[in-house]
Amino acid sequence: MNEISNKWIGKNTVRPDGAEKVTGRAQYSSDTTMPGMIWGHVLRSPHPHAKIISINTKKAEALAGVKSVITSKDIVDFPLDTPVILGIQDMRWMCRNVMARDKVLFHGHPLAAVAATTEAIAEKACDLIEVEYEILPWAIDIEDAIKDDAPILHDHIQFNGKPSNIAGTLEHKKGDIEEGFAKADVIIEKDFKTEAVHQGYLETHSCLVSVAADGRATIWSSSQGQFMVRAMTSFLTGIPQSNIRAIPAEIGGGFGGKTIVYLEPLATVLSQKTGRPVKIVMNREDTMRASGPTSGSKSTIKIGATNDGKIVAAQGIYYLQAGAFPGSPIRGAAGCSLAPYDIPNAHTFGYDVVSNRSKVAAYRAPGAPIGAYGVECVLDEIAEALKMCPLELRKINAAKEGTKAVHGPVFPKMGYIETLDAAINHPHYKAPLGKHQGRGVASGFWFNAGGESSAQLNITEDGNVVVTTGHPDIGGSRASIANITAELLGIHHDRVSVLIGDTATIGYSNLTGGSRVLFASAMVVTESAQIVINQLKQRAAKIWGIDEDAIEWENGEARPAGDNAGKFAPLTLAEIADKATATGGPIGAGYQVNTEGAEGGFATHICDVEVDMDLGIVRVKRYTSIQDVGKAIHPDYVEGQLQGGCAQGIGWALSEEYIYNKDGHLDNTGFLDYRMPVCSDLPMLDTVIIEVPNPKHPQGVRGVGEVPLVPPLAAISNAVYQAIGKRSYSLPMSPPKVLKIIEGN
Amino acid sequence: MSKIQVSTNINNESVEYLCEPHDTMLNVLRNQLDLTGSKESCGSGDCGSCSIILDGELVCSCLMLAAEAEGSKLETIEGMSEGGKLHALQQKFLEKAALQCGICTPGFLMASKALLDHNPTPTETEVRFWLAGNLCRCTGYDKIVKAVLEVADDMKESA
Numbered sequence: 001m002n003e004i005s006n007k008w009i010g011k012n013t014v015r016p017d018g019a020e021k022v023t024g025r026a027q028y029s030s031d032t033t034m035p036g037m038i039w040g041h042v043l044r045s046p047h048p049h050a051k052i053i054s055i056n057t058k059k060a061e062a063l064a065g066v067k068s069v070i071t072s073k074d075i076v077d078f079p080l081d082t083p084v085i086l087g088i089q090d091m092r093w094m095c096r097n098v099m100a101r102d103k104v105l106f107h108g109h110p111l112a113a114v115a116a117t118t119e120a121i122a123e124k125a126c127d128l129i130e131v132e133y134e135i136l137p138w139a140i141d142i143e144d145a146i147k148d149d150a151p152i153l154h155d156h157i158q159f160n161g162k163p164s165n166i167a168g169t170l171e172h173k174k175g176d177i178e179e180g181f182a183k184a185d186v187i188i189e190k191d192f193k194t195e196a197v198h199q200g201y202l203e204t205h206s207c208l209v210s211v212a213a214d215g216r217a218t219i220w221s222s223s224q225g226q227f228m229v230r231a232m233t234s235f236l237t238g239i240p241q242s243n244i245r246a247i248p249a250e251i252g253g254g255f256g257g258k259t260i261v262y263l264e265p266l267a268t269v270l271s272q273k274t275g276r277p278v279k280i281v282m283n284r285e286d287t288m289r290a291s292g293p294t295s296g297s298k299s300t301i302k303i304g305a306t307n308d309g310k311i312v313a314a315q316g317i318y319y320l321q322a323g324a325f326p327g328s329p330i331r332g333a334a335g336c337s338l339a340p341y342d343i344p345n346a347h348t349f350g351y352d353v354v355s356n357r358s359k360v361a362a363y364r365a366p367g368a369p370i371g372a373y374g375v376e377c378v379l380d381e382i383a384e385a386l387k388m389c390p391l392e393l394r395k396i397n398a399a400k401e402g403t404k405a406v407h408g409p410v411f412p413k414m415g416y417i418e419t420l421d422a423a424i425n426h427p428h429y430k431a432p433l434g435k436h437q438g439r440g441v442a443s444g445f446w447f448n449a450g451g452e453s454s455a456q457l458n459i460t461e462d463g464n465v466v467v468t469t470g471h472p473d474i475g476g477s478r479a480s481i482a483n484i485t486a487e488l489l490g491i492h493h494d495r496v497s498v499l500i501g502d503t504a505t506i507g508y509s510n511l512t513g514g515s516r517v518l519f520a521s522a523m524v525v526t527e528s529a530q531i532v533i534n535q536l537k538q539r540a541a542k543i544w545g546i547d548e549d550a551i552e553w554e555n556g557e558a559r560p561a562g563d564n565a566g567k568f569a570p571l572t573l574a575e576i577a578d579k580a581t582a583t584g585g586p587i588g589a590g591y592q593v594n595t596e597g598a599e600g601g602f603a604t605h606i607c608d609v610e611v612d613m614d615l616g617i618v619r620v621k622r623y624t625s626i627q628d629v630g631k632a633i634h635p636d637y638v639e640g641q642l643q644g645g646c647a648q649g650i651g652w653a654l655s656e657e658y659i660y661n662k663d664g665h666l667d668n669t670g671f672l673d674y675r676m677p678v679c680s681d682l683p684m685l686d687t688v689i690i691e692v693p694n695p696k697h698p699q700g701v702r703g704v705g706e707v708p709l710v711p712p713l714a715a716i717s718n719a720v721y722q723a724i725g726k727r728s729y730s731l732p733m734s735p736p737k738v739l740k741i742i743e744g745n
Numbered sequence: 746m747s748k749i750q751v752s753t754n755i756n757n758e759s760v761e762y763l764c765e766p767h768d769t770m771l772n773v774l775r776n777q778l779d780l781t782g783s784k785e786s787c788g789s790g791d792c793g794s795c796s797i798i799l800d801g802e803l804v805c806s807c808l809m810l811a812a813e814a815e816g817s818k819l820e821t822i823e824g825m826s827e828g829g830k831l832h833a834l835q836q837k838f839l840e841k842a843a844l845q846c847g848i849c850t851p852g853f854l855m856a857s858k859a860l861l862d863h864n865p866t867p868t869e870t871e872v873r874f875w876l877a878g879n880l881c882r883c884t885g886y887d888k889i890v891k892a893v894l895e896v897a898d899d900m901k902e903s904a
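Protein chains in written order, with my numbering: chain A, 1 to 745; chain B, 746 to 904.
Be aware that a few hints might be false.
Said to hold, decoys possible - Simulated pairs of lysine-lysine, BS3-like, Cα-Cα distance not exceeding 25 Å:
| id | chain 1 | residue 1 | chain 2 | residue 2 |
| --- | --- | --- | --- | --- |
| 1 | A | K162 | A | K404 |
| 2 | B | K891 | A | K621 |
| 3 | A | K11 | B | K841 |
| 4 | A | K387 | A | K726 |
| 5 | B | K841 | A | K621 |
| 6 | A | K430 | A | K726 |
| 7 | A | K11 | B | K891 |
| 8 | A | K567 | A | K579 |
| 9 | A | K310 | A | K404 |
| 10 | A | K726 | A | K193 |
| 11 | A | K404 | A | K183 |
| 12 | A | K621 | A | K726 |
| 13 | A | K7 | A | K173 |
| 14 | A | K413 | A | K310 |
| 15 | B | K841 | A | K7 |
| 16 | A | K435 | A | K173 |
| 17 | A | K173 | A | K193 |
| 18 | A | K124 | B | K748 |
As the list claims (entries may be wrong) - Stretch by stretch, here's where chain B covers chain A in the computed footprint (C-beta under 8 Å, at least three residues):
| id | region |
| --- | --- |
| 19 | 28 to 41 |
| 20 | 663 to 675 |
It should be emphasised that the hints constitute simulated quantities derived from the structure, not laboratory data.
Even for Gly, the Cβ is constructed at its ideal location relative to N, Cα and C.
Sequences and hints are given; from them, build the entire structure.
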C-alpha cells in the first residue's frame, strides 16, 4: 500500500462531468447527429417461435425515401458447430440475436432493418416487408422448456444424449454433502422462484454510425465498453477492428445491460450500403421486449445445521432462464450464493435453460441475487428453528481470511464479519416495530473483477493534468479518478480533467462491468502517476543541476532532499511544466495492464417493511445497507451505488416482473405496467461503509457497484415473513400474491 | 397535410417552427431545435425524462403536441442556468451527488424547480410524491430528495 495523506481520497468532490450533466449539454448517444444523417428502424418478430420461410423486401425498397433494407444475409454468419468466444459472449449466438437467421426465437426478435430519410418512413417501410412464417410451438417458462416433449429451440444442443433446451451446467463441490447432512440436527429444504426483470436503464439503446467512402466506420453509441462495441461490430460486419472507431457517448444507465450490441452492427451495414450516416434509436417497448433482461429462475435450497448453529451442509440447485440463446448467469448463482459462509460440505449446481424469451444480458452481480435469495431465506428459517438471532447464525458461520470458498478461492483479508457486527450494533436493528411490520436481514457476495485497463496521464503546458481512461463512466468514476490523481500528484482536484477515450485514443480497456472500473482504473492511473512523478523529478534535477535521486515529490512540488535539502526553492508542477520544452519535452505517461487482485465484496442489509393486510401492499419503511467497500475514494458515489442497488432490489422483490401472455408475447413493455420503484415508494436508504482495504490494491479499493443488489431479495422476503408470519417462496411479492398468502390460499 | 407554423417562447427567446400535426413537443425540441437536454426514455409519460415547464406547469413534453406551444412560454433544462451561473438546484445536485448516469437529471431538475416554484417549503413526503412522476434507476432517489429539501431550506434562510 502507498502512504496516502488522504487529502483528496475520501472527499466528496464535485464530479468533473457534472456541469454538463445538470445543464442538459452532456451528449448521450441519441443526442448526436451528423450532416446527411438518415434513420434506421428494425423489423421485429410478432411470434415467439417460428421458421422464417421467406422475407420479401421489394415493397419496402420501393417506398419513397427508403435507402436500404437488410436481413440476416447482410450480417456475418457463424456456423453453429464452432464456438466463437468474445469475453463471455459467443458470436454464434450474437449474430443470430442481432438478426434472426432461419428461425425467430422470441417476440421482438429482429429480422430486418431499414434505412430511410426519416424515422417515420423507415418505420413505415418495416410494415411493408412481407415475411412468411411457419409458426412453431413455444416454451416461455423453465418448466415448459425442460419437460420431455418441450419444443426445442436449437436442434444441435443436446443434454443427456438428447436434443434439449438445457444448454449447459456448472457445478461446485466441497467436502461430502451426504455426510454433512447426516450430521445435521435441523435440515430445511425449500423451492424458490423468481421472474425475469429488466435492468431498467432509462436511456434506451441507440447509435449513430458513419461509414466513410474509404470504408472506415465511426460509431457513436451508449455502451458499457467502446472496445466491446468495436470488437462485436467487427465480428458481425466483417470490417477489421482497425477500421472501426467506437466513440463512447455518455451512458444513461446500463447495470450490465449494455455489455452487448444490438443496433451497432445493423447501423454499420446500413451506413455501408447507403454511404450515409445512419442513426437508430430503440424505443422503450423494444428495449423491454428485445434487450436484457436478467434470468427468471427456479431453485431448490437445502441447508443443514447442528443445534449450536454450525452449518454442516448446504446444497443449491439452480435453473436459470437464458432467453433464446445459451448464457444465463449460473456462475453467479452457483458461485456466490454460499460464499459468505464457511461450510465444510457444499454442493451447488446450475442449469442454463434456453426458452422463447429475449436473450438475457448481465444485470448487476449477474445470478448472485437469485442465488442469495433462496439461501438467505432458508438461513432465516434455520435461525428460527434454532431460536437464534439470524445475524448471530451468520456470524457463527461467516467466511473470513483463509476460508476456502465453495467456488474455489481462499479468501484474503476481507470484511464480511465487520458488516455483521455493524448490523448487530446498528440502531436500526434494535428499533421497535409497529403493527404489521417486520424486519429482515440478509447478506450477499459478489466476485468483483480485474481485467485489462489503460490510462494516459498528461501534464498540460500550464501545469495541470489530463487523465484519459478507457471505461465509460456509468456513475461517477471520473470523480474518483480525479480524487486519486490529485492525491498522488499532491495538487487540487480541480486541476485534474478526466476524459474517457475512444478506441482510437486510448489503449484497450475491458468493459465497465464486474465492479471493476475504479479498481482497475486506479491501478493504471497510479502507475502512470508514478512514472510522471519520476519525470517531474528528473526535470527538477536538470533545472537544479543535481542528481534526481536527491529530489522528493511532495505536496505538488519537487523539493531538494538529503544533502541538498533547503539549497533550492521548491519547484511547483506549474513551474516545471513551464520549462518542459527546455528540459526534454512534453511530460506525460501511460500504463496498460491486465489487472489482478480484485477481491470479492460482502454486504449485509437490514430491511423493515409494513404490510397492508387488506390490500397486500408491502411498503419498505426503513432500509440499511452495510458493505465492505475496501476504500471509499468518493464516499457519496459509493453510497449512491449502495442506495441504487438496494432500490433495484426492492423493485425485483416487490413489483417488477416480465409477464408473457398466452400468445408468448411480452405484455408489460412500458413503465406503467413494468413497475420500477418511484420516489414515493421508498424511504431514505441508509448506508454504512465498512473499509477493510483490499490488500492487493494500491488504494485498497474493492468493487462496490454490484454487491448492493445481492441481499435485498431475501432481506425483504425475510421482513415480509416477520410481518405476516407466512412466507412467499416466489418473487415479486406483488399485492395479489401477498394477499393470497395472508388469506392462506 | 401541410405543416403547422408555431410561434412560441422557449427559455425567454422567441422561437418559430413548422411541425406536423402529430409531432410531439419533445420531438421538435430534440430533432428540430437542437434542445437535446430533454430526453426520451419511455415516450408514454411514465418516466419524466422529458419534463419541461409550460406556462408555469410541469408537463411531459412527449405527451404534448408541438402545435400546442403556440403563444406559450416554455422552460427547458437549457434555460435553467442564467448567464453561466447554475441554478441553486443544479449546484446542489452536483454538491450532493444527486446524479449518477445523469440521463434523468434534466427531468428531475425541471420537476424540482416546478415544485419549489409552487411550494417553496415542501415536506419530504411532498417532495417524494411530486417527484413520483420522474424515474431514476441509479440513485434510489435518496440524494435527490435530500438535495431538493436542502435547496428549499437554503431559500428559506435567504428569504
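Each hint, compared with the structure:
{"no.": "1", "hint": "A:K162 to A:K404", "in the structure": "violated, 37 Å"}
{"no.": "2", "hint": "B:K891 to A:K621", "in the structure": "holds, 17 Å"}
{"no.": "3", "hint": "A:K11 to B:K841", "in the structure": "holds, 12 Å"}
{"no.": "4", "hint": "A:K387 to A:K726", "in the structure": "holds, 17 Å"}
{"no.": "5", "hint": "B:K841 to A:K621", "in the structure": "holds, 23 Å"}
{"no.": "6", "hint": "A:K430 to A:K726", "in the structure": "holds, 22 Å"}
{"no.": "7", "hint": "A:K11 to B:K891", "in the structure": "holds, 19 Å"}
{"no.": "8", "hint": "A:K567 to A:K579", "in the structure": "holds, 20 Å"}
{"no.": "9", "hint": "A:K310 to A:K404", "in the structure": "holds, 16 Å"}
{"no.": "10", "hint": "A:K726 to A:K193", "in the structure": "holds, 16 Å"}
{"no.": "11", "hint": "A:K404 to A:K183", "in the structure": "holds, 21 Å"}
{"no.": "12", "hint": "A:K621 to A:K726", "in the structure": "holds, 19 Å"}
{"no.": "13", "hint": "A:K7 to A:K173", "in the structure": "violated, 46 Å"}
{"no.": "14", "hint": "A:K413 to A:K310", "in the structure": "holds, 22 Å"}
{"no.": "15", "hint": "B:K841 to A:K7", "in the structure": "holds, 19 Å"}
{"no.": "16", "hint": "A:K435 to A:K173", "in the structure": "violated, 44 Å"}
{"no.": "17", "hint": "A:K173 to A:K193", "in the structure": "holds, 23 Å"}
{"no.": "18", "hint": "A:K124 to B:K748", "in the structure": "holds, 20 Å"}
{"no.": "19", "hint": "28 to 41", "in the structure": "holds (count 3)"}
{"no.": "20", "hint": "663 to 675", "in the structure": "holds (count 3)"}
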